[in-house]
Amino acid sequence: MNYAFAIKWLKAFRTSPEEVCALYADDFLFEDLMLDQSITDKDDLHRVFAPYANKDPDNGIGIHNFRIRSYTGDERSGLIRWEWTPISAAVFLGLDVKDKPFWTQGHTFHVYNEEGKIVRESSWWDSAQVLRALGLTAEKTVTPTRSAVGV
Amino acid sequence: MNLDYAKQWAEALGNDTNAYAELYAPDGEFAIEQHMVDDHMDDTITDRATIHARVGGLANDDPDNGLGRHTFTVTEFIGDERFGLIHWDYAVEGASHYRGIPADGRRLETKGSTFLQFNADGKIVLESTHFNDNPVFQALGLPILTPHYWDANFDPATLVAG
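Taken in sequence, the protein lines are chains R and G. With the numbering used here applied, the first sequence corresponds to residues 1 to 151, in that order. With the numbering used here applied, the second sequence corresponds to residues 1 to 162, in that order.
Derived from the structure by calculation, the hints contain no laboratory data. Note that CB positions come from ideal geometry on N, CA and C, so glycine has one too. Where hints are given, some of them may not hold.
Stated by the list, open to error - Mimicking BS3-like on lysine-lysine, the simulated pairs with C-alpha atoms at most 30 angstroms apart in a straight line are:
hint	chain 1	residue 1	chain 2	residue 2
1	R	42	G	111
2	R	117	R	11
3	R	140	R	98
4	G	111	R	11
5	R	140	G	111
Unchecked claim - To spell it out: a stretch of chain R is covered by chain G in this simulated footprint if at least three of its residues, at any positions, have a beta carbon under 8 angstroms from a beta carbon of chain G; those stretches are:
hint	stretch
6	24-35
7	74-86
8	92-100
9	104-111
10	122-136
Chain G on its own, in the form it takes in the complex (with noise of 0.2 angstroms):
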């Protein structure tokens, strides 16, 4: 695949669930894991209709109803025909929650980053994505620290939250 199928990828997942579970395999043949698993039961999702319930989520289109906007923006693809990494920009506006905080609506941004492997049909087999939730968590008022410990000049004690 290259960067045009991802961002046909980012496109549906955003914004048409349908075409999205179009790009997997048959049901029971793929898996998509879109944060850790704890339980591959409630975790891992291997076929449409709960690609529809748990994702479909991500391609809402009304404004008002406190699901949010969600786009995602591709920015590289590092691969081929048969597997390869997306990094996207995330973006979503209007949602009320952001992982259960109250986000009142506001705009939210962060990065991520998607693997896909495709079987010889090019369909995908497998979906290894992760949100690069701090930044949104600190927009949000948590009290996340990401300091630069590698600095030369590092200073410990700013390794706590004040």
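Extracted from the complex, chain R is given alone in its bound form (with noise of 0.2 angstroms):
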């Protein structure tokens, strides 16, 4: 696909369930591991979407802000690199984010079919840049350095 399908995807994140499952295959693998989400079932998949459609600031649920980096690939295949700014959310990872703003940065591979629908989705995003916004420590990278541990 391209930058505009990218736009066009996030735009149905924010519309409606309904919206975006419509982009993806019957049969499809959906998988954000860091959420311990790996999913091919459409009813399941309504649900994932169903909070980021959410379009009343005050319960708590947020409004959930993507916008997208860049998009790397073809019509058959390709990634989305996006950000991720949740607005009035109370509650991510289990942790109190109320009044903590944040945001992060994360990529998605796809693989389309001949008709253009999703058929594979591959998520992958930086959980420690939310914890360092919440005041715990997680350093931004794994790469360990020598001045670090004093050798």
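Starting from the two chains in their separate frames, assemble the complex, guided by the hints.
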């Protein structure tokens, strides 16, 4: 696909579970292993997407502002790089995030069928950034440095 | 590229930083991002000197210096000679810390993904990598939850850590 499709995908997140689920083929594998999601059932997928279409800023579910950084690929597969800023969310990853603004970045790899429907999705994102925003220790890089361990 | 190439890339990442760096386009013609970007000056690697400074620790081979032994095991490659996604398993042993959190050398495991884009010479021009830190954070005692809110019988009361 392309950048425009990535925008369409994320606008559909915000519009309704029905609209975003319509972008997936009947046979699909949706995975965000960071949220323990490995889903092949459309009813489950509807429930996965439901929070992202929330439009009430006061119910704690949050308003989920995604922005596309780039699309790298072609019409059959590619990587969408994105940023996510939830506004007025109360809980994320089991943590109290009420009145604690945060944002992070991630990437999603898509494989599309001949009709342009998503048949495979693999999403990954930076959760350490979320923890840092909440005041928890979670340094930016996994890579250890010799100075950090005194060798 | 293919699964064998992905395995070569992962082997180099965890064992041989010179070999890893050789897989990339000339300095100034590639970008490596292994976490979120606040500022490209600090967060995007574009030359070999920075590869060695920022990524080289993953190839540590001393089990006792606290840097840890890092292993990346490729499980899947989806792509071709232009671009592709690598799924990998990650394990670290002997690290004193993980992202600054005391780890006391214990074995930690998780998964991650890396997208690579190649130029016409087969050299990498873009690397986008993310680790799934959540299982590691949980193993190190952080109160992270990943409730299955999409289950038909999900109880919202389980959303918040007890």
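Is residue 111 of chain G within 30 angstroms of residue 11 of chain R, Cα to Cα? Between residue 111 of chain G and residue 11 of chain R the Cα gap is close to 29 angstroms, so the pair holds against 30 angstroms.
Assess, step by step, whether the Cα of residue 140 of chain R is no farther than 30 angstroms from the Cα of residue 111 of chain G, and give holds or violated. holds, 17 angstroms
Pair hint residue 42 of chain R and residue 111 of chain G, alpha-carbon separation not exceeding 30 angstroms: holds, 25 angstroms
Check whether three or more residues of the stretch 104-111 of chain R sit with their beta carbon closer than 8 angstroms to a beta carbon of chain G. holds (count 6)
Checking C-beta pairs, does the stretch 24-35 of chain R have three or more residues closer than 8 angstroms to chain G? holds (count 3)
Within 8 angstroms of chain G (C-beta), three or more residues of the stretch 74-86 of chain R: Since three or more residues must qualify, the claim that chain G covers the stretch 74-86 of chain R holds, with 5 doing so at under 8 angstroms.
With a cut-off of 30 angstroms on the C-alpha distance, tell me whether residue 140 of chain R and residue 98 of chain R pass. Holds. Residue 140 of chain R to residue 98 of chain R sits at ~23 angstroms (cutoff 30 angstroms).
Does residue 11 of chain R lie within 30 angstroms of residue 117 of chain R when you go C-alpha to C-alpha? holds, 16 angstroms
State whether the coverage of the stretch 122-136 of chain R by chain G holds or is violated, taking the criterion as 3 or more residues with Cβ-Cβ distances under 8 angstroms. holds (count 9)
Are 3 or more residues of the stretch 92-100 of chain R near chain G, judged by a Cβ distance of less than 8 angstroms? The restraint on the stretch 92-100 of chain R holds, since 4 of its residues have a Cβ under 8 angstroms from chain G and three suffice.
Of the numbered hints given earlier, the model fails none.
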